[in-house]
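Working from the sequences, and respecting the hints, build out all of it.
There are 2 protein chains.
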Amino acid sequence: MSRAPPDVVFIGKKPLMAYATAVMMHFNSGSKQLTVKARGQSISHAVDVVEVVRNRFFQGKLVIKEVRIGTELLGEGEDQRNVSTIEIVVTRND
Amino acid sequence: MSRAPPDVVFIGKKPLMAYATAVMMHFNSGSKQLTVKARGQSISHAVDVVEVVRNRFFQGKLVIKEVRIGTELLGEGEDQRNVSTIEIVVTRND
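As you go down the protein sequences, you meet chains A and Z in turn. Just so we're aligned: 39 in the numbering used here is position 39 of the first sequence, and the numbers increase by one with no gaps anywhere. Just so we're aligned: 92 in the numbering used here is position 92 of the second sequence, and the numbers increase by one with no gaps anywhere.
Please note: incorrect hints may appear among the correct ones.
A pair counts as met if it fits within one copy or between any two copies, since identical chains are not told apart.
Straight-line Cα separation of at most 25 angstroms, DMTMM-like style, residue types lysine to aspartate or glutamate; simulated pairs [as the list claims (entries may be wrong)]:
#1 32 <-> 7
#2 65 <-> 87
#3 13 <-> 76
#4 61 <-> 79
#5 32 <-> 66
#6 61 <-> 72
#7 13 <-> 87
#8 14 <-> 94
#9 61 <-> 78
#10 14 <-> 72
#11 37 <-> 87
#12 65 <-> 76
#13 13 <-> 72
#14 32 <-> 76
#15 65 <-> 79
#16 13 <-> 94
#17 32 <-> 79
#18 32 <-> 78
#19 65 <-> 78
#20 61 <-> 76
#21 37 <-> 7
#22 61 <-> 87
These are computed hints drawn from the structure, not numbers from a lab.
Structure (structure tokens):
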């Protein structure tokens, strides 16, 4: 099993602050870029996480470099379905 | 009261196909660009609408030109709160 690259945070159903903390720790460790990813209903949550970190904890220092949206095929057989995705690339510029 | 510009579709709590139809009608009327906007929990719904129209009804003809995320202050007094926003700019290239 391959490890996910360390510059990606996947947003799921945990409370917002759990992810916000992960994003903050990433940038406080010296990293300059992070990609926040989410699928389905968690897409709104991913935007909340990025916006809270940007506005409340890193005012003006974090920049949205790119936002990509797309579709992935999830599940197998009759359970197969399309799910929307988002990838938000955030960079630190200080 | 000013009218919203006709090249914007606001995504709320209606079923996906209501919005998908509005987006399709917009492009079928000859328009080349449309901005899909949403706030809060409807952000995921907005991505679904764009992806369904793009993949199921306009295969390859619609391009995501830009995706912007942001924060708006909603409500007044003690009811005031931040809400995340998304704007997805879609263009037709045929």
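Legend entry - Within, between, both or neither, where residue 61 and residue 87 count as close if Cα-Cα is 25 angstroms or less: both (19 angstroms within a copy, 22 angstroms between copies)
Legend entry - Intra/inter-copy verdict for residue 13 and residue 87 if alpha-carbon distance must be at most 25 angstroms: Both. Shortest intra-copy (17 angstroms) and inter-copy (23 angstroms) distances satisfy the 25 angstroms Cα cut-off.
Legend entry - Copy assignment of residue 65 with residue 87, given that the CA separation must stay at most 25 angstroms: both (11 angstroms within a copy, 15 angstroms between copies)
Inset, instruction - Give the relationship of residue 61 and residue 78 under a CA distance limit of 25 angstroms: within one copy only, between copies only, both, or neither. - result: Result: close neither inside a copy nor across copies, 46 angstroms intra and 29 angstroms inter.
Inset, instruction - First find the shortest C-alpha distance between residue 13 and residue 72 inside one copy, then the shortest across copies, and answer within, between, both or neither for a cut-off of 25 angstroms. - result: both (19 angstroms within a copy, 23 angstroms between copies)
Inset, instruction - Classify it for me, residue 32 with residue 76: is the Cα-Cα distance of at most 25 angstroms met within a copy, between copies, both or neither? - result: neither (37 angstroms within a copy, 37 angstroms between copies)
Legend entry - residue 37 and residue 87: within-copy, between-copy, both or neither at 25 angstroms Cα: Result: close both inside a copy and across copies, 5 angstroms intra and 17 angstroms inter.
Legend entry - Homomeric proximity label, residue 32 with residue 7: Cα distance no greater than 25 angstroms: within (9 angstroms within a copy, 36 angstroms between copies)
Inset, instruction - State whether the alpha carbon distance between residue 65 and residue 79 is at most 25 angstroms within one copy, between copies, both, or neither. - result: Result: close neither inside a copy nor across copies, 35 angstroms intra and 32 angstroms inter.
Legend entry - Status of residue 76 relative to residue 13 across identical chains (alpha carbons, at most 25 angstroms): Answer is within: at 23 angstroms inside a copy they meet the 25 angstroms cutoff, but 29 angstroms across does not.
Inset, instruction - Have a look at residue 37 and residue 7 and pick one of within, between, both or neither, based on CA distance no larger than 25 angstroms. - result: within (11 angstroms within a copy, 28 angstroms between copies)
Inset, instruction - At 25 angstroms max between alpha carbons, let me know whether residue 61 reaches residue 79 within a copy, between copies, both or neither. - result: Neither: 43 angstroms inside a copy, 28 angstroms across copies.
The structure fails hints 4, 8, 9, 12, 14, 15, 16, 17, 18, 19 and 20 (numbered hints given earlier, in ascending order).
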